[in-house]
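Turn these sequences into a full structure, and let the hints steer you where they fit.
Line order of the protein sequences matches chains A and B. Under the working numbering, the first residue of the first sequence carries the number 1, and numbering increases by one thereafter. Under the working numbering, the first residue of the second sequence carries the number 1, and numbering increases by one thereafter.
Hint data in this document are derived by calculation from the structure and do not stem from the laboratory. A hint or two may mislead.
As the list claims (entries may be wrong) - Derived SDA-like pairs (lysine to any residue); straight-line CA-CA distance at most 25 Å: (1) B:187 <-> B:202; (2) A:78 <-> B:148; (3) B:239 <-> A:175; (4) A:132 <-> B:154; (5) A:132 <-> B:125; (6) B:233 <-> A:92; (7) A:6 <-> A:28.
Said to hold, decoys possible - Where chain B lies over chain A, by a calculated footprint (3+ residues, C-beta under 8 Å): (8) 85-96; (9) 131-139.
All residues carry an ideal CB built from backbone N, CA and C; glycine is no exception.
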Amino acid sequence: MSEKAKVATASLAGCFGCHMSLLDIDERLLDLIQVVEFDRMPLTDIKRVGRCDVGIIEGGVANAENVEVLRDFREHCKVLVAMGACAINGGIPAMRNQFELADCLTEAYVDGVGVDNPMIPNDPEIPLLLNKVHPIHEVVNVDYFLPGCPPAADAIWTFLNELLTGQPIALPYTQIHYD
Amino acid sequence: MSEQSSVRLDGQGTAAEAVSDEVARSEEASILLDGQKVPFSEGQTIMDAAMAAGTYIPHLCHNPEFKPHGSCRVCTVTVNGRTAAACTMPAQNDQVVETSTEALQTERRRLLQMLFVEGNHVCPACEASGNCQLQAVAYYVGMLSPHYNHFYPQRPVDASHPDFFIDFNRCILCELCVRASRDMDGKDLFAISGRGINSRLVVNSPSGRLGDTDFHTGDKAAHVCPVGAILFKHQGYDKPIGERLYDRQPISEVGDARAAEQGDQSNE
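So, in structure tokens, the structure goes:
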């Protein structure tokens with residue numbers, strides 16, 4: 001490959017743990033940037049995703065902004081990857097699906113212990129929450145899934161290597177886990 | 001010359017022995033499991049024969065200590081070209097059984113995916129994670145995504161018992177606790193109620209709560225749950241990540257979660 005592959009990443013309803021795991025590939029990042037150019041990602045601070053070869057999504061879909069970013073990624077990325085438990089099945093944020101959204105907000109901002117000036121935040125700049133948290137494949141088509149909470153750095157490394165060199169994705173047993 | 005003939009004689013002798021061995025073996029009833037001859041005795045199922053031979057057939061509702069149930073269908077194999085549950089299908093001489101074909105693994109993956117989306121299986125927040133048979137079988141069949149849309153059902157957690165939780169979010173309706181309580185403990189504390197997607201585990205007490213039963217840590221039913229639905233209180237996350245049952249080796253090598261737990265206990 002003469003030109004570098006363009007890669008974008010985003011964290012939706014996640015904890016940035018998967019991105020931390022990506023950074024955990026340590027000095028291999030230097031090998032990675034020989035073959036990859038990063039577009040929108042937390043490291044570059046680019047706000048909108050451009051045309052990319054690979055888009056990697058951490059986190060599920062919990063609010064209107066998540067939906068917009070995810071659809072933007074799908075439109076701009078040839079290959080879209082769901083990275084980590086939350087992107088794949090909603091993960092910890094989806095545990096709120098057991099409750100009504102209004103009950104969650106009331107518990108956090110009105111009835112919660114030690115709440116000062118109780119009110120449910122309603123600033124127009126705050127993205128509206130969805131009634132339920134969804135994994136990203138329920139909103140857009142997803143090409144690859146990389147499970148883990150987070151996926152181990154080695155798993156991310158194996159995956160990126162195989163993807164960027166056009167090999168079939170084959171993770172060893174110890175690199176597949178859901179937690 | 002004489003040396004040559006003696007070699008030939010020896011060769012003939014060996015061949016004759018091999019033939020008589022072959023006759024003896026063929027008299028022993030056997031099935032052909034993925035091309036391997038696997039012997040069985042009268043009354044054994046395909047699963048029994050495979051387990052005795054050390055060949056892993058993925059399963060969830062099956063536990064060799066109990067009468068087969070045949071409900072999870074994860075052990076589906078083809079028998080002479082037709083699909084059947086290995087845990088309930090009696091072994092018969094010369095059956096041609098296939099278990100590790102790509103088509104069957106794909107079907108098992110779909111079954112696992114349906115089990116995952118119809119409950120609330122949040123592995124990162126589950127104490128059974130790493131020791132969970134549902135998870136381990138999903139790893140074994142290469143499940144990387146849930147594929148389907150999640151149901152996110154609203155199910156309760158029963159923490160009324162002093163020594164146990166029941167987290168109904170994780171129940172896969174294998175009926176192992178039902179069978180254990182009925183057939184071994186003689187208490188009949190559990191049952192499956194409802195039909196289809198409304199099927200659910202219920203507790204046999206006037207309030208429906210586990211705390212109002214005589215469920216006890218010594219009960220067999222307390223030690224058979226293959227997932228994290230029936231959990232002990234006062235303990236948790238005993239083994240760090242990396243040392244749990246299925247962290248390093250697949251279930252095909254280390255076996256069922258509860259069998260391994262019993263092995264641990266007998267070692268102590």
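To see whether the hints hold, each was checked on the structure:
1. B:187 <-> B:202: Given pair residue 187 of chain B, residue 202 of chain B holds - Cα atoms ~14 Å apart, limit 25 Å.
2. A:78 <-> B:148: 22 Å, holds
3. B:239 <-> A:175: 19 Å, holds
4. A:132 <-> B:154: 12 Å, holds
5. A:132 <-> B:125: Between residue 132 of chain A and residue 125 of chain B the Cα gap is close to 18 Å, so the pair holds against 25 Å.
6. B:233 <-> A:92: 22 Å, holds
7. A:6 <-> A:28: 17 Å, holds
8. 85-96: Holds: 8 residues of the stretch 85-96 of chain A have a Cβ under 8 Å from chain B.
9. 131-139: n = 5 at 8 Å, threshold three: holds.
Every hint from the earlier list agrees with this structure, and none is contradicted.
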